[in-house]
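Asker: Spelled out, the chains give:
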Amino acid sequence: MDHARAVNILADGEKMNIESWGRYPKTTGEGYSFETVKTLAAHLEKNNMFIPYGMGRSYGDSALNEKVILTRRYDKLIQFDPEQGIVICESGVTLDELIRIFLKKGWFLSVTPGTKFVTVGGAIASDVHGKNHHKAGCFSNSVLWFDLMLPDGRIVRCDREKNRDLFLATAGGMGLTGIILTAAIKLKPVKSAYIRETVVRCNNLKDAFEKFEIHEDATYSVAWIDCLSKGKAKGRSVLMAGENASTGAIDLPRKRTVSIPLDLPSFCLNSFSVKCFNHLYYMKSPQYTENRLTPLDTFFYPLDAIGHWNRIYGKKGFTQYQMVLPKASSFEGLDLILDKISSAGMGSFLAVLKLFGPQNDNYLSFPMEGYTLALDFKIQSRLFAFLDHLDDIVTDYGGRIYLTKDVRMSPDTFKKGYPAWDTFSALRQHYGMNQKFQSLQSKRIGV
Amino acid sequence: MNLLILGANSDVGYATARLFAERERANVYLASRNMDLLEKKATDIAIRHQIKATPLFFDATDYDTHQLFYTNLEIKPDIVVLCFGILGNQEDAQKNVSHAREVIDTNFTGALSILEVIAEDFEKRGHGVIIGISSVAGLRGRQSNYIYGAAKGALSTYLSGLRNRLAKRGVHVVTVLPGFINTKMTDGMDLPEKLTATPDQVALDIHKAFQKKKNIIYTRWFWKWIMLIIRGIPETIFKRLSL
Ligand SMILES: Cc1cc2nc3c(=O)[nH]c(=O)nc-3n(C[C@H](O)[C@H](O)[C@H](O)COP(=O)(O)OP(=O)(O)OC[C@H]3O[C@@H](n4cnc5c(N)ncnc54)[C@H](O)[C@@H]3O)c2cc1C
Ligand SMILES: NC(=O)c1ccc[n+]([C@@H]2O[C@H](COP(=O)([O-])OP(=O)(O)OC[C@H]3O[C@@H](n4cnc5c(N)ncnc54)[C@H](OP(=O)(O)O)[C@@H]3O)[C@@H](O)[C@H]2O)c1
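Chain order of the listed sequences is A and B. Per the numbering used here, the first sequence runs over residues 12 to 458. Per the numbering used here, the second sequence runs over residues -14 to 228.
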């Protein structure tokens, strides 16, 4: 059974191919789905060692294991408060569905990642961030409470007061504390389905940092960065800042999507083609544009318009490397990392730069105040050795690697990057979670 | 507009309910056996589409309850979609007549029993659409599922007779003939991906058939051609194939 079908079928331990967005590694395992908590509890009672699997939009091995709990069929809305914009829903609902239902009523997600094809459960478990992290924090900031199924089938409600330790461990906890069942999410009122976008070209990394600071009051900001340019142009970027528009229709224009029908041969993507792409992208961007009216979809989810775009990396798959450095050491560290990347010639199609706001209290949430850089690499020989080398730089500068993108970090890099890992680990033991929930990632990094 | 889905826990039935709520702003009655699930689905559809959705208990094989079930509906439906069904297990049904009866009773007798009640009312009102989901399996018996196929074949024949009877009374009957659908019914079966529809695709085809007042539709469309070929194979050859 293939992965695309696997996500919404009713499965009771059937063997299936399971992979995440990076398509590396490719695994087979048993899938278990559920539509009621009764069925879920029965699955948990019968078998050991699961990991929840939502839309599989994580890049690495955090949602992979020999046994996975497929959450997509658990996708019902339970309640909506139109005054407060609070929706209570099951964890398998996707952000795409929430947008389709509530945008036309004037509500949008308070925090959204760069794809809308993720589940609410996945967004909480990775405590995802969006282009407004510096203003709005992580996804968990918009979560009022959630219900969690513990290893013994017990269901507990967690918020910032009640079962606080479970809340802090589960938001960002990569599915390792139990199954998130339902959640109450606070939406954000909007007047339009459009964003007023300002686009600014930045000549190099230093310029990009300055422009981020200049635009620190913007609600949304993110930059695309050319990782292969050298010399004076090293780190040249295009910064995009945005505000929710107050004019423009509240309905999204219908967009055609195209899809990559099959794996492209891996030679299609080499450092030459990436250089060309990056060059064109940079040149195509205006020097400066202010207040361009852009549909939400285009602004937040440019890649969602191309179905299966992960196939451009070929059969072997790819990985995304996302790291963050504390603000004080961000420039020095990123400057060094850009040097390493361009001299290794292992270019990345899409590299994204963003300035995060302060970190939250969750044990394993990724963001910290400072700059984050995310790059895609196709799986190739020498890649992991190269990334190990980058890990050392990240660790030396006091930064960390994003778990939901990771497929190869060492236990040491993990533990240095996430100092609360031992609190997390102790909690897992205390509740017996380490006897019931496990992913390929958790085994690798030793948590 | 009011829509009654019989066997609403069926993946196809649920997708159809959602689509009609969205496109037709229909209020929906969701009738099936598993009430835990049905209640959740009703709430979900009501929030998504701001229509009224009512969960109702209905058992297709409990014939004696059918009249009362229908009488109790406060507002009578304008459209009925019959979705319940069981595939059963062919081998089991060969050996065990009680299982064979279960397959026939659910897919055929149950359908007949409730549809007669509804047809009587629609006929009186001179209004309504009945959409019955049968199967291409009913078009030619194959060794792998001919008992289910026989029940579906009977259902198709029944629906065509009903259409003939009600056409003169302003009531329209649609026969839906699906090929493979990726639902809990076919869970665990290794279906050819290119020939297998999603429940949402089937719902779209059903909606189109409703709008265009079609009599018989295949879903996905190519099953019409596949079945033309399969039905064209001479019996002398067909009987030797392992299908
Ligand atoms: C194109 C693209 C852009 C992206 N942009 C961003 C971005 O801007 N910011 C960002 O932060 N992330 C981003 N991501 C990553 C993505 O948002 C996260 O990986 C997200 O967690 C994926 O959700 P999912 O439903 O696909 O979960 P999966 O990938 O299936 O699972 C991810 C993790 O969540 C756990 N999980 C899933 N459901 C549950 C549940 N019900 N209960 C408990 N645990 C659960 C899994 O066990 C796993 O550890 C992007 C990904 C893609 C493909
Ligand atoms: N899937 C396919 O490939 C395929 C192909 C051709 C035709 N079909 C036909 O299409 C229709 C829908 O199929 P599906 O795949 O969506 O099915 P499904 O998901 O398996 O659902 C069938 C539903 O029928 C209901 N049901 C069974 N017996 C019942 C009874 N005695 N009383 C009331 N409800 C009963 C069940 O409801 P509860 O859960 O409430 O008990 C069940 O959820 C069926 O008629 C099927 O035969 C399917």
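Just so you know, not all the hints are guaranteed correct.
Stated by the list, open to error - Cβ-to-Cβ under 7 Å is the rule here; a few derived chain A residues that face chain B:
1) 20
2) 25
3) 26
4) 48
5) 50
6) 88
7) 91
8) 92
9) 114
Said to hold, decoys possible - Each computed SDA-like pair below joins lysine to any residue, with the alpha-carbon atoms no more than 25 Å apart:
10) 49/A to 44/B
11) 37/A to 23/A
12) 169/B to 61/B
13) 78/A to 172/B
14) 49/A to 7/B
15) 327/A to 356/A
16) 26/A to 97/B
17) 61/B to 7/B
18) 61/B to 8/B
19) 26/A to 72/B
Claimed, not checked - Quick list of the computed label-pair ranges, beta carbon to beta carbon:
20) 10/B to 371/A: 48 to 56 Å
21) 171/B to 56/A: 22 to 30 Å
22) 297/A to 8/B: 38 to 46 Å
23) 326/A to 216/B: 25 to 33 Å
24) 202/A to 10/B: 39 to 47 Å
25) 44/B to 167/A: 34 to 42 Å
Since the hints were made in silico from the structure, they are not lab data. Keep in mind the model is a prediction, meaning the values are calculated, not measured. For every residue, glycine included, the Cβ atom is placed at its ideal position computed from N, Cα and C.
Asker: Are there hints from earlier that the structure breaks, and if so, what are their numbers?
Answerer: 3, 4, 5, 8, 9, 12, 14, 16, 20, 23, 24
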